[in-house]
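As given, the protein sequences belong to chains Y and G, one line each in that order.
At position 38 of the first sequence (counting the first as 1) the number is 38 in the working numbering, and the numbers step up by one without a gap.
At position 103 of the second sequence (counting the first as 1) the number is 103 in the working numbering, and the numbers step up by one without a gap.
Hints listed in this document are in silico derivations from the structure and should not be mistaken for laboratory results.
Think of the CB as a built atom: it goes at the ideal place given N, C-alpha and C, for glycine as much as any other residue.
A couple of the hints might just be wrong.
[To be verified] When the alpha-carbon atoms are kept at most 27 Å apart in a straight line, the in silico DSS-like pairs for lysine-lysine are as follows:
no., chain 1, residue 1, chain 2, residue 2
1, G, 96, Y, 207
2, G, 243, G, 205
3, Y, 207, G, 92
4, Y, 213, G, 92
5, Y, 128, Y, 213
6, Y, 213, G, 96
7, Y, 157, Y, 111
8, G, 92, Y, 220
9, Y, 157, Y, 100
[To be verified] Residues of chain Y clear of chain G, computed beta-carbon distances all greater than 10 Å:
no., residue
10, 11
11, 74
12, 75
13, 97
14, 112
15, 128
16, 129
17, 133
18, 154
19, 173
20, 182
21, 191
22, 210
23, 213
[Said to hold, decoys possible] What follows is a set of in silico ranges between Cβ atoms, one per label pair, in the way DEER data are often shown:
no., chain 1, residue 1, chain 2, residue 2, range
24, G, 365, Y, 178, 30 to 38 Å
25, G, 82, Y, 98, 37 to 45 Å
26, Y, 145, G, 143, 42 to 50 Å
27, Y, 218, G, 357, 53 to 61 Å
28, Y, 218, G, 336, 48 to 56 Å
29, Y, 145, G, 262, 21 to 29 Å
30, Y, 80, G, 156, 40 to 48 Å
31, G, 130, Y, 68, 46 to 54 Å
32, G, 369, Y, 218, 48 to 56 Å
33, G, 312, Y, 68, 44 to 52 Å
Here is what each chain is made of, one letter per residue.
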Amino acid sequence: MLLCDFHIHTRHSDGAVELRRTVDLFGQAGFDVIAITDHVVNGDNAYGKLARRLRFSVTESTFDNYMTAIRREAERAWEQYRLLVIPGIEISKNHLSAEKSAHILILDVKKFIAACWGYEKIFLEAKKQKALVIACHPHHMSDLSKDTLYLWNNREKYARYIDAWEIANRDDVFNVVSLKRYPYIANSDFHRPRHLYSWKTLLDCDKDTESVKQCIRHNKGVALTLFRP
Amino acid sequence: MEPLLIMVLLVIPGILAWAFQALSVRGAVREASVPGDYAADLPPISILKPLRGLDDNLFQNLESFCRLDYPRYEILFCLQHQNDLARRVVQKIIEKYPERELRIIIEPCTAGLNPKVNNLIPAYRASSYEHILISDSNVSVRPGYLREIVRRIGDPSVGLVSNLIRGRGGRTLGSLFENLHLNSFVMGSVCFLDRFMHTPCVIGKSMLMRKKDLEAVGGLRAFKDVLAEDYIIGRQMHRQGKKVVLSSHMIDNVNDYWSIGRFLNRHTRWGKLRWQIGGFRYLSEILTNAVFMSWIPTLIWGASAPTLAFGLSVSALKSLYDFLLGRRIGSDLATGAYLLSPLKDLVIGIIWFVPMLSSSVEWRGNRYLIGKDSRLSPVPVSIRPSLRHRLTAVIRARLA
Chain Y
1 MLLCDFHIHT RHSDGAVELR RTVDLFGQAG FDVIAITDHV VNGDNAYGKL ARRLRFSVTE
61 STFDNYMTAI RREAERAWEQ YRLLVIPGIE ISKNHLSAEK SAHILILDVK KFIAACWGYE
121 KIFLEAKKQK ALVIACHPHH MSDLSKDTLY LWNNREKYAR YIDAWEIANR DDVFNVVSLK
181 RYPYIANSDF HRPRHLYSWK TLLDCDKDTE SVKQCIRHNK GVALTLFRP
Chain G
1 MEPLLIMVLL VIPGILAWAF QALSVRGAVR EASVPGDYAA DLPPISILKP LRGLDDNLFQ
61 NLESFCRLDY PRYEILFCLQ HQNDLARRVV QKIIEKYPER ELRIIIEPCT AGLNPKVNNL
121 IPAYRASSYE HILISDSNVS VRPGYLREIV RRIGDPSVGL VSNLIRGRGG RTLGSLFENL
181 HLNSFVMGSV CFLDRFMHTP CVIGKSMLMR KKDLEAVGGL RAFKDVLAED YIIGRQMHRQ
241 GKKVVLSSHM IDNVNDYWSI GRFLNRHTRW GKLRWQIGGF RYLSEILTNA VFMSWIPTLI
301 WGASAPTLAF GLSVSALKSL YDFLLGRRIG SDLATGAYLL SPLKDLVIGI IWFVPMLSSS
361 VEWRGNRYLI GKDSRLSPVP VSIRPSLRHR LTAVIRARLA
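Excised from the complex, chain Y in its bound form:
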């Protein structure tokens, strides 16, 4: 089974560790597949503008550099650790109200997708790019992070666009996802080295991007594991 983590932040947004060291950290720990998913924050309200001002977001102007850096690291990671690195982003629609906020992972992204777009436009653009759409931390979380409940509250409307839901994020488990029998994965939402030790996904598939995406979409051969020292 491939040991995977599809939700990782670096200093390209609000992560504490730079991209190269992040890749090394996962490579040294024996991971098989990771996705780098820095925030793309909506700039259409004060909250989002502040995040952009603090450079906690990949923007349209920095997106190409971001992708180039990931591709370069992906080559090195494969050569050095046989670690598959998938480029991604986390669309972060932040609002003061948790009910209006949503975070969406787009894995294997190719072109910039803006967080201020409407949900349907974002999902359709992701499908056009053959990227994978993951609803992340869809329910109440235990730590001080703000909840992002919009997608869960509107699941009837949007579930058909979503390839998988995060059933576990870092230390939290969202059992509601399994009750609805949605496809699921588990991730660390890595921001700091200690987040390495958290919930992870195990996949029974070949180690290439297409197989990984297929495996998540079909949700067969998917297992969860709590990665602890």
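Following the hints, complete the assembly by docking chain G onto the known chain Y.
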């Protein structure tokens, strides 16, 4: 007595110790830079790698052993459990280097109380060659490493070869403290004991031996219940008339993400070891901690311009000393990191007292009582948990 004289007297032992340590490190570095004649006979070697969990830089540490410039050697990765996180890393290494003789030995062993020796026993049994190298998982080596140390064991009177350890990396305060301590106190003390006192001080991160010499001191099982198995093996070999040699070839101990807690845990444990093994010689450590001693006048007479100036001067001198020593040994620590050196010495000075108050150690998730010569015994159930454990339990219960 004049306060100024007292102050000077307090730090003289420390400054003398720095001078001797600097001389001995300088000698070791010079020796390492002189290319030696490699032995014509390069015996095959079994490298035993006890593993547990993920160390910083684990993949590259293990990989560095697959890139050794040496004709024949095997590596036995020893694990106690199938589900150990290190297993996946080892499997990747094995896949990456199919041409190497690499094996995983997974066998739970409860022969003794020392988990590292327990881990080593099955691998030792499975090893193919007469020469064995016990090598910790947290070290990284250069390609010439094996040739260099085999050169030293070519002499039949030599029973054990160990190496100098250099701390590298440092992304957190805990790991910076650890690397500063390895590169100054540990490096200096080991070189000093070797060069001036001719006393073997083996650090178990790298130990090359012949099986017959190890068997002559009782084999691994004789050390299954001691915590400082490395030091005691060296001492036993020395007592048997075998030379215990310190190779000047430096190996790297990469510490990137240590917490302060881990640093404190390791050095209280090591302090307890030295107290139990060295007895009153342990006193010399506090007397030679010049930074700690230099702040005693401030503690006794209060903060005044002379006492603060004295403490700050000695601290600045220590930063400079560690910086120069670091440069000498090729440390990769940033210049600014040396400003932390006096703070680290103060912390070390404070935890120096812990061994007088407690003889229990926590190592790799287990708690033991430590006796003479670092002999371990289980913590009796009747012993009340330490204040720290009680506090932790209360906080956990509250949070739950």
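Hints, verified against the model:
For the hint linking residue 96(G) to residue 207(Y), the alpha-carbon distance of about 15 Å falls within 27 Å, and the restraint holds. With a C-alpha separation of about 18 Å, the suggested pair residue 243(G) and residue 205(G) falls inside the 27 Å cut-off, and the hint holds. For the hint pairing residue 207(Y) with residue 92(G), the CA-to-CA distance comes to about 13 Å; that is within 27 Å, so the pair holds. Restraint check: the Cα-Cα separation between residue 213(Y) and residue 92(G) comes to about 23 Å, which is no more than 27 Å; the hinted pair holds.
Distance restraint check for residue 128(Y) and residue 213(Y): the Cα-Cα separation of roughly 15 Å lies within the 27 Å cut-off, and the hinted pair is therefore satisfied. For the proposed pair residue 213(Y) and residue 96(G), the alpha carbon gap of about 25 Å is at most 27 Å, so the pair holds. For the hint pairing residue 157(Y) with residue 111(Y), the CA-to-CA distance comes to about 25 Å; that is within 27 Å, so the pair holds. A threshold of 27 Å between alpha carbons decides the hint, and for residue 92(G) with residue 220(Y) the separation of about 24 Å falls inside it, so the pair holds.
The suggested pairing of residue 157(Y) with residue 100(Y) holds, with an alpha-carbon distance near 15 Å, which does not exceed 27 Å. At the 10 Å boundary, the C-beta of residue 11(Y) stays outside the reach of chain G, the nearest C-beta of that chain being 13 Å off. The Cβ of residue 74(Y) sits about 17 Å from the closest Cβ of chain G, beyond the 10 Å cut-off, so the non-interface label holds. With a minimum CB-CB distance of about 16 Å to chain G, residue 75(Y) clears the 10 Å threshold, and the non-interface call stands.
Distance check for residue 97(Y) against chain G: the nearest CB is about 28 Å away, which clears 10 Å, and the non-interface claim stands. Non-interface call for residue 112(Y) relative to chain G: holds, since the shortest CB-CB distance, roughly 31 Å, exceeds 10 Å. Under the 10 Å C-beta cut-off, the non-interface status given to residue 128(Y) relative to chain G holds; the minimum distance is some 35 Å. No Cβ of chain G approaches the Cβ of residue 129(Y) within 10 Å, the least distance being about 31 Å, so the stated non-interface status holds.
Every CB of chain G lies more than 10 Å from the CB of residue 133(Y), the least distance being 29 Å, so the non-interface label holds. At roughly 33 Å from the closest C-beta of chain G, the C-beta of residue 154(Y) stays outside 10 Å, upholding its exclusion from the interface. Chain G leaves residue 173(Y) outside its interface by the beta-carbon criterion, the shortest separation being 16 Å against a cut-off of 10 Å. The beta carbon of residue 182(Y) is kept farther than 10 Å from every beta carbon of chain G, the shortest such distance being approximately 28 Å.
Listed as outside the interface, residue 191(Y) is consistent with that label: its C-beta sits roughly 14 Å from the nearest C-beta of chain G, beyond the 10 Å cut-off. Every C-beta of chain G lies more than 10 Å from that of residue 210(Y), the closest at about 22 Å, which supports listing it as non-interface. Consistency note on residue 213(Y): stated as away from chain G, and its beta-carbon is indeed over 10 Å from all of that chain's, at 22 Å minimum. Checked against the hint of 30 to 38 Å, the pair residue 365(G) and residue 178(Y) passes, with Cβ atoms roughly 32 Å apart.
Distance hint check for residue 82(G) and residue 98(Y): the Cβ-Cβ separation is about 42 Å, which falls inside the suggested range of 37 to 45 Å. Look at residue 145(Y) against residue 143(G): about 46 Å separates their beta carbons, and that is inside 42 to 50 Å. The hinted range of 53 to 61 Å is satisfied by residue 218(Y) and residue 357(G), whose Cβ atoms lie roughly 60 Å apart. Residue 218(Y) and residue 336(G) have their C-beta atoms about 52 Å apart, which keeps the hinted 48 to 56 Å range intact.
Under the hint 21 to 29 Å, the C-beta atoms of residue 145(Y) and residue 262(G), about 26 Å apart, fit the expected range. Separated by about 41 Å at the C-beta atoms, residue 80(Y) and residue 156(G) satisfy the suggested range of 40 to 48 Å. The hint said 46 to 54 Å for the Cβ distance between residue 130(G) and residue 68(Y), and at roughly 53 Å that hint holds. At about 55 Å, the beta-carbon gap between residue 369(G) and residue 218(Y) stays in the expected band of 48 to 56 Å.
Remark: the range hint 44 to 52 Å for residue 312(G) to residue 68(Y) is upheld by a beta-carbon distance near 48 Å.
The structure meets every hint from the earlier list without exception.
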